[in-house]
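Each protein sequence line maps, in turn, to chains A and B. So the first sequence is numbered by full-length UniProt numbering: it starts at 1 and just counts up by one. So the second sequence is numbered by full-length UniProt numbering: it starts at 1 and just counts up by one.
Just to be clear, a hint being listed does not mean it is correct.
Note: identical chains are not told apart, hence a pair may lie in one copy or across any two.
Stated by the list, open to error - With a straight-line Cα cutoff of 20 angstroms, these simulated SDA-like cross-link-like pairs (lysine to any residue) come out: (1) K98 x A38; (2) K57 x H179; (3) K12 x Y138; (4) K98 x P191; (5) K12 x H179; (6) K98 x A47; (7) K57 x Q86; (8) K57 x T137; (9) K156 x M70; (10) K98 x Q135; (11) K12 x A47; (12) K156 x G178; (13) K98 x D139; (14) K98 x T137; (15) K12 x A176; (16) K12 x T152; (17) K12 x D56; (18) K156 x E131; (19) K98 x R62; (20) K12 x G178; (21) K156 x I109.
These are calculated hints, taken from the structure and not from any lab test.
Number of protein chains: 2
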Amino acid sequence: MTDYIDSVPLEKAYRLLTHGPTVLVSSRHNGVDNVMAAAWSCALDFAPPKVTVVIDKITATRALVEGSGMFVLQVPTVAQLQLTEQLGTTSLATEPDKLQRAQAELFHIDGHDLPFVAGCSAWLACRLVPEPHNQQTYDLFIGEVVGAWSDTRAFKDGHWQFEHADPAWRSLHHVAGGHFYAIGEALTVMPEK
Amino acid sequence: MTDYIDSVPLEKAYRLLTHGPTVLVSSRHNGVDNVMAAAWSCALDFAPPKVTVVIDKITATRALVEGSGMFVLQVPTVAQLQLTEQLGTTSLATEPDKLQRAQAELFHIDGHDLPFVAGCSAWLACRLVPEPHNQQTYDLFIGEVVGAWSDTRAFKDGHWQFEHADPAWRSLHHVAGGHFYAIGEALTVMPEK
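Chain A on its own, in the form it takes in the complex (with noise of 0.2 angstroms):
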């Protein structure tokens, strides 16, 4: 954990992703660790805040949060534009050295037992909230935010400071196939007259 990692008051946590980045679910079940890329993830509420995320029956992950009810979302950054394809692409199941040979290198956090991504921008702890329809149906799991913390390099004071900051610290938007944007200018609407 770096000195500029700070945590996120949980009211202004859902504006990590608001933005509508891709990111990196990560969880420990058993001693194993994994992380994948998700491109579908989404804020479902502010207080307490929740959070969606699709999580395909085929992942390695997905088991891992179901059996601890326990996971991370966190937003990867330009920098980190070949370490989320790889974390996409591959499984834990036919990989079993996933991780390492994606470079992807874990951190901790106190009080939480949870495998945290280096090198993100912001990270969301999150209990899973049991909807097994939505979860065998659609693939479709909530998250209880119960934790947040960013870098205070790309978000601080609550706001992402991206026009400010390193273009590498920019969020990912996955389309298809290997092609991002990423995000852009900042836009501030003009009071009405």
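Chain B: place on chain A using the hints.
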């Protein structure tokens, strides 16, 4: 409907939302049309294509969606920043002339009795997949995409054209309180060595 609007194959429809844009939700019921902005919308499935969108109980649009079982998700552009903010911060319940005041122009697509918002880059006509528990507990609505269209100046041949198009076509990504980011530069993963 302009010459530039073309249908999008349903198997590519998820790409219109996967990069996480703010959307406009429109619906029609009993002769009433309305449009609201929603930051929390997400792709859910490829085939048949499905989407999620969070629609608060205080919104007037929600009653139209529940009453008609149909809605449109459309992707507004940088050129529609003020329109998007205004549609997201006013309610038909208190401002019956909301759409006129926002200068929202609606248009028709044959075969769909739905209000489509002109000037957007993409439109997804959706049939509500009723899930009363999700709707009541989480304000979470699931739609099956039954038709998709794009303005080919922004999305063509199954791909967003942001890197070639006028920046005014870029999608909006809301963070909080009138602050948005436009989508940014294109990034493509290098093949693994």
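Now the hints, each set against the structure:
1. In this assembly of identical chains, the alpha carbons of K98 and A38 lie at most 20 angstroms apart only when taken from the same copy (16 angstroms versus 37 angstroms across copies).
2. Taking the shortest alpha-carbon separations for K57 and H179, neither the intra-copy value of 23 angstroms nor the inter-copy value of 36 angstroms comes in at or below 20 angstroms.
3. Taking CA atoms no more than 20 angstroms apart as the test, K12 paired with Y138 passes between copies only; the shortest distance there is 18 angstroms, against 28 angstroms inside one copy.
4. Taking the shortest alpha-carbon separations for K98 and P191, only the inter-copy value of 17 angstroms comes in at or below 20 angstroms, while the best intra-copy value is 50 angstroms.
5. Only between protomers do K12 and H179 lie at most 20 angstroms apart by alpha-carbon distance; the minimum there is 14 angstroms, versus 29 angstroms within a single protomer.
6. Taking the shortest alpha-carbon separations for K98 and A47, neither the intra-copy value of 36 angstroms nor the inter-copy value of 29 angstroms comes in at or below 20 angstroms.
7. Taking the closest pair of Cα atoms, K57 and Q86 come within 20 angstroms of each other only inside a single copy of the chain (19 angstroms); across copies the shortest separation is 40 angstroms, beyond that limit.
8. When the C-alpha separation of K57 and T137 is checked against a cutoff of 20 angstroms, the pair qualifies only within one copy, where the shortest distance is 10 angstroms, while the shortest distance between copies is 25 angstroms.
9. In this assembly of identical chains, the alpha carbons of K156 and M70 never lie at most 20 angstroms apart, being 26 angstroms within a copy and 40 angstroms across copies at closest.
10. Taking CA atoms no more than 20 angstroms apart as the test, K98 paired with Q135 passes in neither setting, with 25 angstroms inside one copy and 38 angstroms between copies.
11. Proximity of K12 to A47 under the C-alpha cut-off of 20 angstroms is restricted to the intra-copy arrangement: shortest distance 9 angstroms within a copy versus 34 angstroms between copies.
12. Proximity of K156 to G178 under the C-alpha cut-off of 20 angstroms is restricted to the inter-copy arrangement: shortest distance 18 angstroms between copies versus 29 angstroms within a copy.
13. Taking CA atoms no more than 20 angstroms apart as the test, K98 paired with D139 passes in neither setting, with 23 angstroms inside one copy and 37 angstroms between copies.
14. In this assembly of identical chains, the alpha carbons of K98 and T137 never lie at most 20 angstroms apart, being 28 angstroms within a copy and 37 angstroms across copies at closest.
15. For the homomeric pair K12 and A176, the shortest alpha-carbon distance between copies (9 angstroms) is at most 20 angstroms, but the shortest distance inside one copy (29 angstroms) is not.
16. With identical chains, the CA atoms of K12 and T152 are at most 20 angstroms apart within one copy only, with a shortest distance of 14 angstroms there and 37 angstroms across copies.
17. Taking the shortest alpha-carbon separations for K12 and D56, only the inter-copy value of 18 angstroms comes in at or below 20 angstroms, while the best intra-copy value is 28 angstroms.
18. In this assembly of identical chains, K156 and E131 lie within 20 angstroms of each other by CA distance neither inside one copy nor across copies; the values are 33 angstroms within and 37 angstroms between.
19. Only within a single protomer do K98 and R62 lie at most 20 angstroms apart by alpha-carbon distance; the minimum there is 16 angstroms, versus 44 angstroms between protomers.
20. When the C-alpha separation of K12 and G178 is checked against a cutoff of 20 angstroms, the pair qualifies only between copies, where the shortest distance is 15 angstroms, while the shortest distance within a copy is 30 angstroms.
21. In this homomeric assembly, K156 and I109 come within 20 angstroms of each other (Cα to Cα) only inside a single copy, at 19 angstroms, whereas the closest approach across copies is 44 angstroms.
When each numbered hint is compared with the structure, violations occur for hints 2, 6, 9, 10, 13, 14, 18.
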